[in-house]
Amino acid sequence: MKIRVDPDKCQGHARCYDLARELFDVDDYGQSSVIVDQVPAELEDNARLAIANCPEYAIEIISE
Amino acid sequence: MVDTAPVTDWSTDFDVMDPEYLTDPFSIWDELRQTCPIPHTDRRKSSWMPLRYEDVTAIAHDIEHFSSLKVAVIPGDEDEDPNADFDGPNLEYGLPPISADPPLHTWTRRLLLPWFSHKRVDSYVPLTRELCRSLLDGFADKGHADAAADYAQQIPVRVIARILGVSTDLADTFTGWVRDVLEFADDAERRQRGAEGLLYYFIEQLSYRKENPGDDLLSELLHTEVEGQPVDDGIVLGMAALVLIAGVDTTWSAIGSSLWHLATQAEDRKRLVDEPALMPTAVEELLRAYSPVTMAREVTEDIDYAGCPLKKGDKVLMNFPAANRDPEAFEHPEVVLLDRAHNRHVAFGSGIHRCAGSNLARMELSVALEEWLARVPEFSLADGEEITWAGGQVRGPRLLPVIFP
Ligand code: HEM
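Quick mapping for you: the protein sequence lines, in order, are chains A and B.
Under the working numbering, the first sequence has 36 at position 36, and the numbering climbs by one with no breaks.
Under the working numbering, the second sequence has 1295 at position 295, and the numbering climbs by one with no breaks.
A few of these clues could be false.
[What the hints assert, rightly or not] If you want the footprint, here are the derived chain A segments under chain B, 3+ residues with CB under 8 Å:
#1 7-13
#2 28-36
#3 43-56
[To be verified] Under the rule of at most 27 Å between Cα atoms (straight-line distance), these lysine-lysine pairs were calculated in the DSSO-like manner:
#4 B:1045 to A:9
#5 B:1070 to B:1045
#6 A:9 to B:1119
#7 B:1311 to B:1045
It is worth saying that the hints were derived from the structure and are not from the lab.
Since we're looking at a predicted model, the values are computed, not measured.
Ideal Cβ positions, reconstructed from N, Cα and C, are used throughout, including at glycine.
With the hints as constraints, model all of the structure from the sequences given.
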């Protein structure tokens, strides 16, 4: 699984970072980004949880 | 004069300060969402109030038609010239970034955000925890307390004062001013007292810090440059006042409502005591179910939105709390589920004005609840004693007497 954060949609709610620090980082301005190339299989549920909690619908699945 | 007659028709003549609405807005929203999801009123000012998640978030993202220049839910004197009879800093900017549209919004927000990043907020945890403990020391042995006035109200104002670099001794004065401008804005005298209190206090603080800079937020705003220019004093003043106003009533209301929930729902209280690992989802769920903050927008040109003929200058009350109770967006929104896994709530807004202090607010709420439950794991409402709720811009309990063994 590959995911990305759309920087134009992300407003820095930081829900993804709070839910899955293994997958996301945030900068000082709240902008979030994905820090792994491939989501490890055991973290796919965490990725889906982050996606389902983003109030801006900013996290996309690039490939399953 | 504001019309305060009891509401008989919520679709065409709603009043967010109606006593019925203050204590139980939830059932009013539920009914309106079925019959009239964007009610209107002419009380105070022609205003519309979207109640569905979809409408609230769509409007929050349409900054071209919905401006943030006037965000007060209770308009007060917002149409008057703030610089009239005043010869200090230029007050026309209001409280940026909250009362600004881009481009002013963009750079003033960027100046604030690093002060509320995760890293910074983590560094405020010890002082917040210590503060909560010392408040609990004051009443934990007494068997009763006012969870709003003695606890919730005391926490955020002191944390914010530390960040701003102003005296925590004035916490009660700050709280009074903030309440005057947010909760009592219908009362011209109180509103003015609060606004002037904040204004003159910060003018004095700014001139002191120009000469005596510290490592606080105020000093940084005064000594920073944006595109080679210092920031206008009026803008610094507005930003400083905003941080105090936005950081106090809001978070205290969230802490108070959460304690009200736990005082009335013994099952949830026991569950959170037994399973402290639930705190992160519990905090999000309490924020969803009891979202404190509604913000306004001003319509920039005549447009139809979802069948409503919005006129230039009308207000739109962005009811984030009602959006968070919309059954189209949340399963069983009326139920508080401390482990709700999917929770896209918008208690901190949506779009470019997303609460700049959301990391701080979340931290304060969870530390305040953790410390309370550690010292006072069993508590309930004090029988027969009055509970009062503030509402309008910010909803939360102001008197919340509780008892414990
Ligand atoms: C539970 C507590 C809080 C809630 C529910 C809350 C809610 C909100 C909401 C809904 C907005 C968006 C306003 C809009 O769309 O017009 C906002 C903006 C803002 N909040 Fe909070 N807030 C809370 C605590 C705080 C704290 C602790 C601070 C500390 C400084 C803060 C600072 C701000 C600022 C500066 C903005 C303006 C952001 C902008 O316009 O870009 N808030 N807040």
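How the hints compare with the structure:
For the region 7-13 of chain A, the assignment as covered by chain B holds, since 3 residues bring a beta-carbon within under 8 Å of that chain's beta-carbons and 3 suffice. With 3 residues having a Cβ less than 8 Å from any Cβ of chain B, the region 28-36 of chain A passes the three-residue criterion, so the hint holds. Judged by the Cβ-Cβ criterion of 8 Å, the region 43-56 of chain A is covered by chain B as claimed, because 6 of its residues qualify and three suffice. A threshold of 27 Å between alpha carbons decides the hint, and for residue 1045 of chain B with residue 9 of chain A the separation of about 33 Å lies outside it, so the pair is violated.
A hinted pair counts as satisfied when its Cα atoms are at most 27 Å apart, and residue 1070 of chain B with residue 1045 of chain B qualifies at roughly 12 Å. For the hint pairing residue 9 of chain A with residue 1119 of chain B, the CA-to-CA distance comes to about 23 Å; that is within 27 Å, so the pair holds. For a cut-off of 27 Å, the pair hint linking residue 1311 of chain B to residue 1045 of chain B stands: about 12 Å separates their Cα positions.
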